[in-house]
Amino acid sequence: MSVFPATAAAKAAGRSRTSASGTRPGPRNQRSAYWFIAPLGLGFAVFYFWPLLQTLYFSFTEFGAFGGHTFIGTDNYLRVIKDVTVWQALGNTLIYCVIGLMALPVAIVVASLLNRRGLRGVSVYRALYFIPFVTLPVAVGLVWNWLYNGDFGLVNEILSWFGVDEHYWVSDPSTAVYAIGTVMVWSTTGYYLVIFMAGVKGIPQDYYEAAELDGAGPLRRFFTITLPLLSPTIFFASVICMINSLQTFDLIYIMMAEKNPAIGDTQSVVGLFYKWAFIENAQGAAAALAFLLMLVIAALTYLQFRIQKRWVHYA
Amino acid sequence: MRRRTLLGGAVAAPLLAACSGGGGGTDSGGRTTLSYGMWDPAQMPGMEQIIAAFEKRNPRISVRIQLTPWASYWTTLKTSMRGGTAPDVFWMNAVNFQLYAANGVLEPLSGHIKADATPVDRHPKALVKLYSYRGTQYGLPKDFDTIGLWYNKQLFDKAGIRYPDASWTWDDVRDAAAELTDPRKRVHGFAAEMDRQIKIYPAICAADGYVLENGRSGFGDERSIEGMRFLTDLIDRGWSPPQSAMVESVGRVRYWSEKVAMNYDLSAMAGQMYAVPALKDHGGIAVLPKGKRRATIIHGLANVISAKSDKKAAAWKFVHFMAGREAAEIQAKAGVTISSYEGTQDAWLESMPEFDLKHFLEMQEYAVPYPSSKNTAVWENLQYPLLGAAFSGKGGIETAARTLGEQMDRALKEERDS
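Residue numbers (this note's numbering), protein chains in the order written: chain Y, 11 to 325; chain B, 13 to 430.
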């Protein structure tokens with residue numbers, strides 16, 4: 011039986027309609043299909059594919075500060091590989107990626123809690139969780155910087171009730187990455203929550219009822235019904251989440267002041283790219299760095315697709 | 013037929029308008045509109061007064077201010093230079109000047125200066141020189157800044173210490189900082205913030221060290237290290253908040269909220285300090301204390317013309333006007349910065365009678381020009397990440413400074429080779 015009865019029904023309906031009218035999907039239908047995807051294809055070519063080729067080309071050149079460039083071969087890539095800050099930024103970015111993925115379990119738990127029958131005001135909760143995601147990262151960063159402030163921040167105030175000493179969360183190298191990561195999780199949970207709520211809705215209530223009759227408690231039902239049947243959604247969300255966390259920039263840019271002693275410990279690859287390209291006039295090296303990031307993202311995504319076979323259940 | 017002509021007219025009209033707008037650089041009425049790029053909103057009123065005076069004398073030219081926040085000013089400018097939409101006249105600082113001049117995107121002014129007898133010699137020599145590249149003048153100074161010692165008279169009175177004056181040395185600062193620090197009230201004697209222009213460079217120069225000389229970094233020099241140690245030592249002893257605390261509330265804000273008794277800060281901040289009632293009442297100003305010698309950093313902005321501008325004649329008229337006495341006097345009265353034109357500074361001094369602003373002018377005598385090279389941003393960006401730990405009370409300023417010196421030398425070498 012299909013997990014998504016609605017889609018299965020639609021498929022069946024579509025099939026029966028074509029057989030009824032007697033026309034098979036022919037070349038003519040296909041041609042019109044191309045017209046429908048043309049706008050997206052054009053947008054993709056202009057805004058993604060062309061810049062990609064340009065970046066690849068520029069990564070082999072040295073840029074003048076005000077235009078003009080000379081071909082210098084693989085020098086930029088050598089610089090990227092030799093630079094310690096690149097590896098540090100890559101390490102930080104992987105930490106962001108791991109922390110960013112924490113948004114998924116939080117979203118799954120909240121989604122299954124909101125799925126309880128008879129719960130009122132679900133849309134209000136959903137909106138509340140979603141608001142941080144649609145808030146501009148700049149605003150999010152500024153507000154959280156106040157919350158984290160070591161002198162008068164709310165975080166320290168609350169922790170002081172429990173006897174925790176005050177702390178400069180975003181300017182201490184040992185906590186800065188986690189402080190920013192927490193904000194990342196906070197601001198993205200709502201997005202994944204919406205995805206998971208749709209996924210949870212797709213699980214037939216019959217299963218839960220049957221399990222309840224057999225005496226399965228809420229935890230048991232969560233682990234044996236919700237999680238496995240949600241695994242395709244989790245897979246989709248984890249790929250998206252990983253790519254987004256690897257490209258993280260704006261939140262860190264806002265939260266980390268230039269003079270922050272923790273800056274080396276929090277800088278992401280895209281942050282370093284920005285610094286090279288727009289402040290230090292090293293556009294060529296920055297292009298090489300961007301390409302390196304693309305390779306990392308491609309490799310990790312490939313890995314995820316390989317591993318999914320072991321844990322994703324398409325019912 | 014009729015329909016076609018109508019359509020033709022509709023297509024041609026914007027084309028014609030575009031030609032007259034861009035081609036000759038003049039609008040239909042023979043008026044030229046210049047765009048003037050700047051970043052400081054605090055200077056807007058003063059600049060508007062200068063523009064009004066200029067437009068009165070040049071009725072055919074009007075100037076429109078293009079304000080870009082400091083944080084994005086240089087990236088925006090660089091991109092708009094490439095795209096050909098840069099302002100005709102804009103503010104330039106020492107850090108970026110050589111990069112722009114070397115790439116030929118600034119209009120050379122030496123010929124104009126000679127032809128119109130612009131009073132260049134009435135501006136401080138060190139500043140004029142900051143804006144010449146390989147013997148050609150590209151910018152004319154509009155103002156200058158020095159760093160002074162700001163102190164809170166009320167906190168000094170409470171601690172029973174006499175006010176800082178020209179006789180003060182680093183020892184006096186240390187003694188006073190120890191007395192003024194009150195952990196229970198979260199008051200610190202000094203703000204030894206990691207800031208190149210207002211704290212690090214003045215301290216290095218006062219220790220008889222240097223930042224950049226003959227294409228070599230001075231950060232590894234023993235004297236420079238001693239200068240930086242003066243700052244980090246204040247942090248280590250708890251007389252200044254550590255850098256991690258000053259990221260979240262900067263030294264200037266701590267001084268404003270009377271949580272720091274002494275602070276090095278720019279003369280350009282006078283207007284903002286004056287707006288704080290408590291500081292207007294009991295904020296004091298003194299020359300920087302003496303280390304091994306007396307020193308402060310002098311820096312000033314210049315007006316430059318874009319080489320890509322198609323309204324250069326009008327742009328020069330405006331820049332020439334701004335380098336003259338009339339514009340300088342308006343600027344000085346507006347009380348934001350010290351105008352660089354000799355003899356017009358009295359208006360600035362009188363604009364805030366409660367403050368001893370004259371100390372900022374006195375310091376010109378031994379002021380060191382802000383250090384810069386062709387790609388200043390590259391080696392400046394090395395400083396904060398490398399010095400951050402030492403300024404957070406974790407020690408190790410000696411090794412950090414030496415590493416910085418080596419890396420900066422490498423960056424300078426790359427700059428020469430490129």
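Each hint should be verified, as a subset may be incorrect.
Claimed, not checked - DSBU-like, lysine-lysine: derived pairs with alpha carbons at most 30 Å apart: (1) B/Lys386 - Y/Lys285; (2) B/Lys425 - Y/Lys92; (3) B/Lys271 - B/Lys197; (4) B/Lys406 - B/Lys304; (5) B/Lys386 - B/Lys324; (6) B/Lys320 - Y/Lys285; (7) B/Lys197 - Y/Lys285; (8) B/Lys165 - B/Lys137; (9) B/Lys345 - B/Lys370; (10) B/Lys271 - B/Lys170; (11) Y/Lys92 - B/Lys386; (12) B/Lys271 - B/Lys386; (13) B/Lys292 - B/Lys197; (14) B/Lys370 - B/Lys304; (15) Y/Lys285 - B/Lys370; (16) B/Lys302 - B/Lys165; (17) B/Lys302 - B/Lys406; (18) B/Lys406 - Y/Lys92; (19) B/Lys406 - B/Lys271; (20) B/Lys345 - B/Lys324; (21) B/Lys406 - B/Lys137.
To be verified - Covered stretches of chain Y, as calculated for chain B (at least 3 residues, CB under 8 Å): (22) 231-243; (23) 262-273.
Stated by the list, open to error - Computed from the model, here is a short list of chain B residues facing chain Y with C-beta under 10 Å: (24) Thr97; (25) Lys137; (26) Pro254; (27) Ala257; (28) Ser404.
I should point out that these hints are in silico values taken from the structure, not numbers from a laboratory. The beta carbon of each residue, even a glycine, is placed where N, CA and C say it ideally should be.
Do the hints match the structure? See the list:
1. This hinted pair checks out: lysine 386 of chain B and lysine 285 of chain Y have alpha carbons roughly 17 Å apart, not beyond 30 Å.
2. Restraint check for lysine 425 of chain B and lysine 92 of chain Y: satisfied, since their Cα atoms lie roughly 17 Å apart, inside the 30 Å limit.
3. Between lysine 271 of chain B and lysine 197 of chain B, the direct Cα distance comes to roughly 8 Å. Compliance with the 30 Å bound is thereby established for this hinted pair.
4. Only pairs whose Cα atoms come within 30 Å are accepted, and lysine 406 of chain B paired with lysine 304 of chain B is accepted, the gap being roughly 26 Å.
5. A distance of roughly 25 Å separates the Cα atoms of lysine 386 of chain B and lysine 324 of chain B; the hinted pair therefore holds under the 30 Å criterion.
6. Simply put, lysine 320 of chain B and lysine 285 of chain Y have alpha-carbon atoms about 26 Å apart, close enough for the 30 Å limit, and the pair holds.
7. For the proposed pair lysine 197 of chain B and lysine 285 of chain Y, the alpha carbon gap of about 39 Å is over 30 Å, so the pair is violated.
8. Restraint check: the Cα-Cα separation between lysine 165 of chain B and lysine 137 of chain B comes to about 35 Å, which exceeds 30 Å; the hinted pair is violated.
9. Our distance criterion of 30 Å between C-alpha atoms is met by lysine 345 of chain B and lysine 370 of chain B, whose separation comes to about 15 Å.
10. Among the hinted pairs, lysine 271 of chain B with lysine 170 of chain B is consistent with the structure: their alpha-carbon atoms are about 14 Å apart, no more than 30 Å.
11. Only pairs whose Cα atoms come within 30 Å are accepted, and lysine 92 of chain Y paired with lysine 386 of chain B is accepted, the gap being roughly 24 Å.
12. Distance hint between lysine 271 of chain B and lysine 386 of chain B is unfulfilled; the C-alpha atoms sit about 39 Å from each other, more than 30 Å.
13. For the suggested pair lysine 292 of chain B and lysine 197 of chain B, the alpha carbons sit about 22 Å apart, so the restraint of at most 30 Å is met.
14. Of the pairs offered as hints, the one joining lysine 370 of chain B and lysine 304 of chain B holds, with about 23 Å between alpha carbons and a cut-off of 30 Å not exceeded.
15. A hinted pair counts as satisfied when its Cα atoms are at most 30 Å apart, and lysine 285 of chain Y with lysine 370 of chain B does not qualify at roughly 39 Å.
16. A C-alpha spacing of about 20 Å is found between lysine 302 of chain B and lysine 165 of chain B, which places the hinted pair at or below 30 Å, so the restraint holds.
17. Between the alpha carbons of lysine 302 of chain B and lysine 406 of chain B the distance comes to roughly 26 Å, so the proposed pair stays at or under 30 Å and holds.
18. With a CA separation close to 28 Å, the supplied pair lysine 406 of chain B and lysine 92 of chain Y stays within the 30 Å bound.
19. Between the alpha carbons of lysine 406 of chain B and lysine 271 of chain B the distance comes to roughly 23 Å, so the proposed pair stays at or under 30 Å and holds.
20. A distance of roughly 29 Å separates the Cα atoms of lysine 345 of chain B and lysine 324 of chain B; the hinted pair therefore holds under the 30 Å criterion.
21. Taking the CA atoms of lysine 406 of chain B and lysine 137 of chain B, the gap is near 41 Å; set against the 30 Å cutoff, the hint is violated.
22. For the segment 231-243 of chain Y, the stated coverage by chain B is not satisfied: 0 residues place a CB nearer than 8 Å to a CB of that chain, which falls below the threshold of 3.
23. Given as covered by chain B, the segment 262-273 of chain Y passes the check, having 7 residues with a CB less than 8 Å from a CB of that chain where 3 are the minimum.
24. The interface hint given for threonine 97 of chain B is violated, since its Cβ lies 13 Å from the closest Cβ of chain Y, which is over the 10 Å cut-off.
25. The closest approach between the C-beta of lysine 137 of chain B and any C-beta of chain Y is roughly 28 Å, which is over the 10 Å cut-off, so the hint fails.
26. Among the interface hints, the one on proline 254 of chain B holds; its C-beta lies about 8 Å from the nearest C-beta in chain Y, closer than the 10 Å criterion.
27. At about 6 Å, the closest approach between the beta carbon of alanine 257 of chain B and any beta carbon in chain Y falls short of 10 Å, and the interface hint on this residue holds.
28. With a cut of 10 Å, the hint placing serine 404 of chain B at the interface with chain Y holds, because the nearest CB-to-CB distance is about 5 Å.
The structure is inconsistent with the numbered hints 7, 8, 12, 15, 21, 22, 24, 25, although it conforms to all the rest.
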